[in-house]
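Student: Got chain A; can you put chain R on it based on the hints?
Protein chains in written order, with this note's numbering: chain A, 713 to 955; chain R, 713 to 955.
Check before you lean on any hint, since a few could be wrong.
For chains that are exact copies, the list does not tell them apart, and a pair is met inside one copy or across any two.
[Unchecked claim] In silico lysine-lysine, DSSO-like type, Cα no more than 27 Å apart, as pairs:
(1) K714 - K825
(2) K905 - K825
(3) K943 - K750
(4) K909 - K845
(5) K714 - K905
(6) K909 - K750
(7) K714 - K845
(8) K845 - K809
(9) K825 - K731
(10) K825 - K750
Source of the hints: derived by calculation from the structure; they are not laboratory data.
These numbers come from a predicted model, not from an experiment.
2 protein chains.
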Amino acid sequence: MKLLSAEELEAALRDIGAKRYHRLHPFHGLLHSGQCTKGQVQAWALNRYYYQATIPIKDASLIARCEDSALRREWRSRLVDHDGAQEGDGGIARWLKLTDGVGLDRDYVTSLKGLLPGTRFAVDAYVHFVREKSLLEAVASSLTELFSPAIIGERMAGMLAHYDFISQETLAYFDKRPPQAKRDADFALDYVKRNAKTPERQQAVLAALEFKCGVLWSMLDVLAYAYVAPKLVPPGAFVPVDH
Amino acid sequence: MKLLSAEELEAALRDIGAKRYHRLHPFHGLLHSGQCTKGQVQAWALNRYYYQATIPIKDASLIARCEDSALRREWRSRLVDHDGAQEGDGGIARWLKLTDGVGLDRDYVTSLKGLLPGTRFAVDAYVHFVREKSLLEAVASSLTELFSPAIIGERMAGMLAHYDFISQETLAYFDKRPPQAKRDADFALDYVKRNAKTPERQQAVLAALEFKCGVLWSMLDVLAYAYVAPKLVPPGAFVPVDH
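Pulled out of the complex, with its shape left as it was, chain A reads as follows:
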């Protein structure tokens, strides 16, 4: 292990994104190219809801272990983004507009009764990672946001073009995210570059981003297995009408 310069560390992080980010997963291709059935889009939205709903718990877990007031203050903006300033505002509420828009019952979605177990395990693994690893690794695990503006762009344009049950309003979540994600990713990348100053800490940062790519990738694996092929829905999970 050698010590990387800040630029080399950033390049290594971006290389992980180029190879492991879930934009490369075939389910993403199916979704944005219009090849999903409505039931598959519902299953995606329902499972992804748990990720969205858990992000503020993940972020609060990070703030809770952080002794630096400035970092806590900075990270707090993520809570605002997801939970909003009042009822009906924020990323989770906008995600529920998406699940409404694709025809899912809101109480069913938020009950999590139809969630794939594999989705729950992947998302919960992210929370546990942030609670149990070093603060530097917890910050680094958020760096998938470096790559999210591109995937969101593909997803929005593709879904609007290809699905008659998707409107601009349904996709309000994605309208708001890119500038938030860019601000957050810029901050986290700068933090990581300033704080990963030994080879060991740099390797831990890279491993944290690989871990997080694994979380997002695994969510699409279990989704594709249950709803695309072989379409084997685990006992108890959501079964779309057109399954």
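Tutor: Coordinates of chain R only, in the frame set by chain A:
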């Protein structure tokens, strides 16, 4: 919710097993009927190793939160079963005979470098469940062992009959397990029946067993997606020679 008798509770637990235990998963059928390639058997053994290696951590987590000396003493036998009395003894060591026997490098297996992220998330979810839920739910989550003697019988007979790279010695793990599993499951079932004396606690017990069935099921979902169809191995995970 109504209060179930001890017999009704046991029947409800057995019904969950009949509907959700991973004996019903198609990968189990492929494995014991000889339809797996050697690479698929390797991938199964490698991923399942992480489950085996984590079980004593799970069991110690349960003992660690248990104020009753008698229960701690009883549960300690599980540590002995998996970690053995000395080096080379116990369930984990016997599992490594299986991974040796199917041609995997032992250092590679124990490094966990080739593990599927979804396997890690499912197994870790089990540990976190045992640490975070009530002691009663932690005990109840072990009750999949009620159903394991049957699956082990099918697996041993089928694998010995169908794979020329599998010997009785390779399967030493499974020789030892059924009596241990029966003893442990009898104890845990009796504990649950004696301690789940309100409708709420009974429902929590049933949900704990459903959760655990989801862990085992999800492990086979991610295995089948990566190694059977569409054979999409997540970046960084084990790729068999015959993949």
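Student: Look at each hint and say if it fits the structure.
Tutor: Comparing the hints with the structure gives:
Proximity of K714 to K825 under the C-alpha cut-off of 27 Å is restricted to the inter-copy arrangement: shortest distance 21 Å between copies versus 48 Å within a copy. Taking CA atoms no more than 27 Å apart as the test, K905 paired with K825 passes between copies only; the shortest distance there is 26 Å, against 41 Å inside one copy. In the homo-oligomer, the alpha carbons of K943 and K750 lie at most 27 Å apart both inside one protomer (14 Å) and across protomers (25 Å), since each shortest distance falls under that limit. For a Cα distance limit of 27 Å, the shortest separation of K909 from K845 inside one copy, 17 Å, qualifies, whereas the shortest one across copies, 38 Å, does not.
For a Cα distance limit of 27 Å, the shortest separation of K714 from K905 inside one copy, 15 Å, qualifies, whereas the shortest one across copies, 57 Å, does not. With identical chains, the CA atoms of K909 and K750 are never at most 27 Å apart, being 48 Å at best within one copy and 44 Å at best between copies. In this homomeric assembly, K714 and K845 come within 27 Å of each other (Cα to Cα) only inside a single copy, at 22 Å, whereas the closest approach across copies is 43 Å. Neither within a single protomer nor between protomers do K845 and K809 lie at most 27 Å apart by alpha-carbon distance, with minima of 34 Å and 32 Å respectively.
For the identical chains of this complex, K825 and K731 are inter-copy neighbours only, at 17 Å across copies versus 33 Å inside a copy, given an alpha-carbon limit of 27 Å. Taking CA atoms no more than 27 Å apart as the test, K825 paired with K750 passes inside one copy only; the shortest distance there is 19 Å, against 37 Å between copies.
When each numbered hint is compared with the structure, violations occur for hints 6, 8.
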